[in-house]
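The residues making up each chain are set out below.
Protein chains: 2
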Amino acid sequence: MKTVSSPSQMYSISMDERNKGKKVGFVPTMGYLHEGHLSLVRKAKELSDFVVVSIFVNPIQFGPGEDFDRYPRNPERDCQLLRELDVNVVFMPSSTDMYSADHSVFVDETTLSKGLCGAHRPGHFKGVATVVAKLFNIVQPHMAIFGEKDFQQARIIQRMVRDLNFPIEIVIAPTVREADGLAMSSRNTYLSPAERKKATALFKALSVAREMCQNNITDVSILRESVEETILQHGDKSTVIPVKIEYIEIVHDETLVPLEKVIHPARMLIAVRIGNTRLIDNILLK
Amino acid sequence: MKTVSSPSQMYSISMDERNKGKKVGFVPTMGYLHEGHLSLVRKAKELSDFVVVSIFVNPIQFGPGEDFDRYPRNPERDCQLLRELDVNVVFMPSSTDMYSADHSVFVDETTLSKGLCGAHRPGHFKGVATVVAKLFNIVQPHMAIFGEKDFQQARIIQRMVRDLNFPIEIVIAPTVREADGLAMSSRNTYLSPAERKKATALFKALSVAREMCQNNITDVSILRESVEETILQHGDKSTVIPVKIEYIEIVHDETLVPLEKVIHPARMLIAVRIGNTRLIDNILLK
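Residue numbers (the numbering used here), protein chains in the order written: chain A, 21 to 306; chain B, 21 to 306.
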């Protein structure tokens, strides 16, 4: 496994592989890898001949007051995990490799990015789309794998690929969960043991909503209410954990347009603060 | 010469040439070709093995009330001229080939695009950067040629290439002028004979400024005054032609930052309305 920090060297390596007729698969990450990331890497290995994983905590997708500085990092461990999976290249640029001091060009998605996390994290998806466009041009992959857990992000990247004509296939791979249902996330590491227990409420609530849908309850306001109640009531009452629901939304699975009645295909997405930690999760309802 | 309208077919053709080891050169145009465009095509032929010219009047770079509908078009004549130059492919997509009804992703340059034409045509350079990013992904060129006449545009595209890591070399080719100095432009066709005469004032005024600089007059306010006077006074006084100066600016040639004293490298850029026609021109001062 090669470790590369220079964008131009990364580009040359990928072009050499492409010229040899190899199919390049790409998994962009912010590192601190967990089983969710590793499942994306396995998917990339399955679908391509040459796998590049990037590790870059992208400063421009964090807002002021967000967790850029304390975002967890462990590049040595990450590289060890990727080596075990026989990844071909880990691309780990520095911020100055990626952004000139006078960087002034951004990729902006203006529809899908407005609701859900976009409404609560202004500028976040512009930062994501910009860095992914840059990484696509540097890594020149045939395909890139994104996690279903960051579902709005995946749909925005698909839209960017369509609207800017990137010749890249986007694959969305299923969310990987802990045994108790919590969606894997690098941010889970922020949770205290009591918060970690409480965090299972997210998947519990999504599962309740899906079951209600299967029983033909399709009124979104009723579903949201049950989900809210489940999140707030779930778990051990002996410790008080501050919980703040940021949003509970049911949207069209492709257009992300909010729905009033659950139709096919609909997805529920939620964002909840458990203590100081912001967690997101989602589930396909029908 | 092949004429292609489908983006995916265009992509396949370019990739085939790249895979044969050919260097792909690209000249994006809005058609109604004149000697200025043809000089860009000749430059592309000189620097590459396989030349693609696009003809696409890009709706999203025109503001409301601008000349999108009446912009001159003559694809048959354009194709004839390009055939004579032995161009390999003319790419002529339709608007619906280029923009889905729910298109929502834009490329936005936020510094170089703010002054000069950007201040007078809000959204213009966002439309330009977006369509050029799309064309780059479709045509997959090694290099692209832009005209010095649209100098701010060329600098913005260079910035986009740098900041989004497009693996493409941008070449800026010199402005081609009529015998009397008027910079060639498809919009010159809008000018009445009297306006056409008056239009020579632009290059006349730029030449005056350059000569003053050569005589070590470097105070920008003095230079602007002379240029303004030259534009307004130049030519036949027997017919009254309405002339409106939109801007006269001296900026750093690379950063486009406005200057107060002419330093090296400085460029003067002007935009003037002659009757209803908006003309731009520029000159390197030192």
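It is possible that some hints are incorrect.
Under the rule of at most 20 Å between Cα atoms (straight-line distance), these lysine to any residue pairs were calculated in the SDA-like manner [what the hints assert, rightly or not]:
no.	chain 1	residue 1	chain 2	residue 2
1	A	K40	B	K134
2	B	K40	A	G41
3	B	K146	A	T297
4	A	K146	B	L279
5	A	K40	B	T130
6	A	K42	B	T130
7	A	K42	B	K146
8	B	K134	A	T131
9	B	K146	A	T131
10	B	K43	A	T131
11	A	K40	B	N39
By construction, these hints were calculated from the structure, which means they are not laboratory data. For clarity, every value in this text was computed on a predicted model and none was experimentally measured.
Checked hints:
1. For the given pair, K40/A sits about 44 Å from K134/B by alpha-carbon distance, which is inconsistent with the 20 Å threshold.
2. Restraint check for K40/B and G41/A: satisfied, since their Cα atoms lie roughly 12 Å apart, inside the 20 Å limit.
3. This hinted pair does not check out: K146/B and T297/A have alpha carbons roughly 36 Å apart, beyond 20 Å.
4. Distance check on the hinted pair: K146/A and L279/B sit about 32 Å apart at the alpha-carbon level, beyond 20 Å; violated.
5. Our distance criterion of 20 Å between C-alpha atoms is broken by K40/A and T130/B, whose separation comes to about 39 Å.
6. At roughly 37 Å between alpha-carbon atoms, K42/A and T130/B are farther apart than 20 Å, so this suggested pair is violated.
7. Distance hint between K42/A and K146/B is unfulfilled; the C-alpha atoms sit about 35 Å from each other, more than 20 Å.
8. With a CA separation close to 24 Å, the supplied pair K134/B and T131/A exceeds the 20 Å bound.
9. Among the hinted pairs, K146/B with T131/A is consistent with the structure: their alpha-carbon atoms are about 16 Å apart, no more than 20 Å.
10. The straight-line distance between the Cα atoms of K43/B and T131/A is roughly 37 Å, outside the 20 Å bound, and the hint therefore fails.
11. Among the hinted pairs, K40/A with N39/B is consistent with the structure: their alpha-carbon atoms are about 10 Å apart, no more than 20 Å.
Going down the numbered hints, you'll see the structure goes against 1, 3, 4, 5, 6, 7, 8, 10, while the others check out.
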